[in-house]
Amino acid sequence: MKFSYSRIVLGLTFELIDFRIMNFDLLPDVVGYLLVMWGAYRLSGGNRVFLIAWLAAAVQLLPACGELFGHRIEVPLLGSETFKTPQLAEAALKTLVEAAMLAGICAGIRASAAKRGLRGLAEAARTRWRIVVVMDGALLLLLPFLLNTTKNSWEFFFLLLAVAAFLAHFSIVFLVNRAGREGHDDSEEASGPGQQ
Amino acid sequence: MKMRYAAYGIAALLIIASWIGNIAYSRYYRLPEGRFLVHRIEATDTPSAAFALVYVANKDDKRTIRSIAVGGLPTLRFGPANGRQELSRQTVYTFMGSYAGDPARKSALPPLVVRDVDVTFDDGQTQTMRVGEIIVYRDDYPPREIDSPVTVTATTGGSDHSGSVTALVNREAELTGTTSAWLSRLGQAFPFRVSLIDAIGQPATSVKPESDYPVRLVRGQHIVTDYQFRFPAGDPHAMEAYNLLLTHEFLEADGERTEYRVDARYVPDFTESRMKAFVRAARREAG
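Protein chains in written order, with this note's numbering: chain A, 454 to 649; chain B, 691 to 977.
The set of hints was computed from the structure by calculation and includes no laboratory data. Where hints are given, some of them may not hold.
To be verified - Restraint-style ranges between C-beta atoms, simulated for each label pair: (1) B:P770 / A:L521: 34 to 40 Å; (2) B:A971 / A:K537: 46 to 52 Å; (3) A:R473 / B:R964: 21 to 27 Å; (4) A:R473 / B:V803: 56 to 62 Å; (5) A:L521 / B:A759: 45 to 51 Å; (6) B:Y698 / A:F522: 52 to 58 Å; (7) B:A759 / A:A591: 48 to 54 Å; (8) A:V587 / B:P881: 28 to 34 Å; (9) B:G847 / A:C518: 55 to 61 Å.
In this text the structure is predicted, and so the values were computed from the model without any measurement. Beta carbons: idealized from backbone N, C-alpha and C, even for Gly.
The shape of chain A in the complex, shown without the other chains:
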């Protein structure tokens, strides 16, 4: 079954893309995290490292539920309001957990690919993860500077960084899709870690 990877692909797409009409997200993050959890749990039968992704997605469920009721964790770079420490800390925590989820996915794909000698896929997983680490690391490092700088002077730079980080995250969608196509192994997909 390639469905576990497909679920993660779909889940990440739901989670990464916000398509809002009248402030309502047509691709709710809650659904995205549930799909990632589902896929990661199934894949963890073959490789327990996927459980990291499962756990990180589970942690993100709570704020994602909050989003449904209007509490969005975001750093509005284009607005005029100033930033407060709790707001930035919330965004940093979300970035950290998100990175942990992607780490679990990448590490799982890499381990599975290495086990079956798919060096290209293993290498791609490692490279994508490194890019995510660099981007998220840069975001985490620079985010608190928003407390002490006039927004206008940093706006463009942060926008650029945010776009780069988004692309890095989204590249994982393509990685998972590739893993589903070429790295799939039915034996990995029991009904969970307990079925090994």
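We have chain A; now place chain B onto it with these hints.
Below, chain B without anything else, positioned relative to chain A:
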């Protein structure tokens, strides 16, 4: 492997240091509470616009000012806060005051010196806050029509805190003095020049209060008063708000003494570094 873990460790330390440093820096440059600038103001209490108070608050302050009352000036009302300048952590507001008529007052009173105002916040709390020193001249009331020997014909102001007022002399008089309560305090930071022009297009003749007064004024002449607030770099007075009533005193042919006031105002323009200095001073004061 070890190198990789070391790199992750260094990155994590850098991120933690960045957060701790930025939060500490941000807290340090936060005002202990909103406060008024130190004002050095001369004003009157005639029914019209009075003077403005300048207030600085942290952007994330939860409470805002609902009203301001000044003891001894019952008819003085302040309008809502007007945002004057936005900085990264603080906002500078002005509250414009104006007087309603005071039927209870019938005659001139000695000048009133205001150092504190009573501020009511939107959470219902009232606090007495220092505002510097505001001298309110309480002249004849209701204000009598003054037949001044001069009429203002032109007023200009510049963004460099300079200004110029030109007045036409209507009848002969002697210019005997040019005064303000804040001249000695400001010193070199408030250079002003009084000049006479016989007719438009003619060269101006500068007159010095200390050596040339009294000066005989002839009908048709113009008195030009040029001034500028020019604080040296680092002068702490540059962060105070000034309102001078630069008063020209006249002695007329019939012996009557009249005045004509030039209103010179200064509100500091804050830069980020000036605001930091202001916050540091406020923190020192708060202990």
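Right, here's what the structure says about each hint:
Between P770 (chain B) and L521 (chain A) the C-beta distance comes to about 37 Å, which sits within the given range of 34 to 40 Å. Look at A971 (chain B) against K537 (chain A): about 25 Å separates their beta carbons, and that is not inside 46 to 52 Å. Separation of R473 (chain A) from R964 (chain B) is about 41 Å and departs from the stated range, judged on CB atoms against 21 to 27 Å. For the hinted restraint 56 to 62 Å between R473 (chain A) and V803 (chain B), the CB-CB distance of approximately 59 Å keeps it satisfied.
Separation of L521 (chain A) from A759 (chain B) is about 47 Å and conforms to the stated range, judged on CB atoms against 45 to 51 Å. Restraint check, Y698 (chain B) to F522 (chain A): a C-beta distance of roughly 36 Å breaks the suggested window 52 to 58 Å. Taken as a hint, the range 48 to 54 Å holds for the pair A759 (chain B) and A591 (chain A), whose Cβ atoms sit roughly 52 Å apart. About 57 Å separates the C-beta atoms of V587 (chain A) and P881 (chain B), a value inconsistent with the hinted range of 28 to 34 Å.
Remark: the range hint 55 to 61 Å for G847 (chain B) to C518 (chain A) is upheld by a beta-carbon distance near 57 Å.
The structure fails hints 2, 3, 6 and 8 (numbered hints given earlier, in ascending order).
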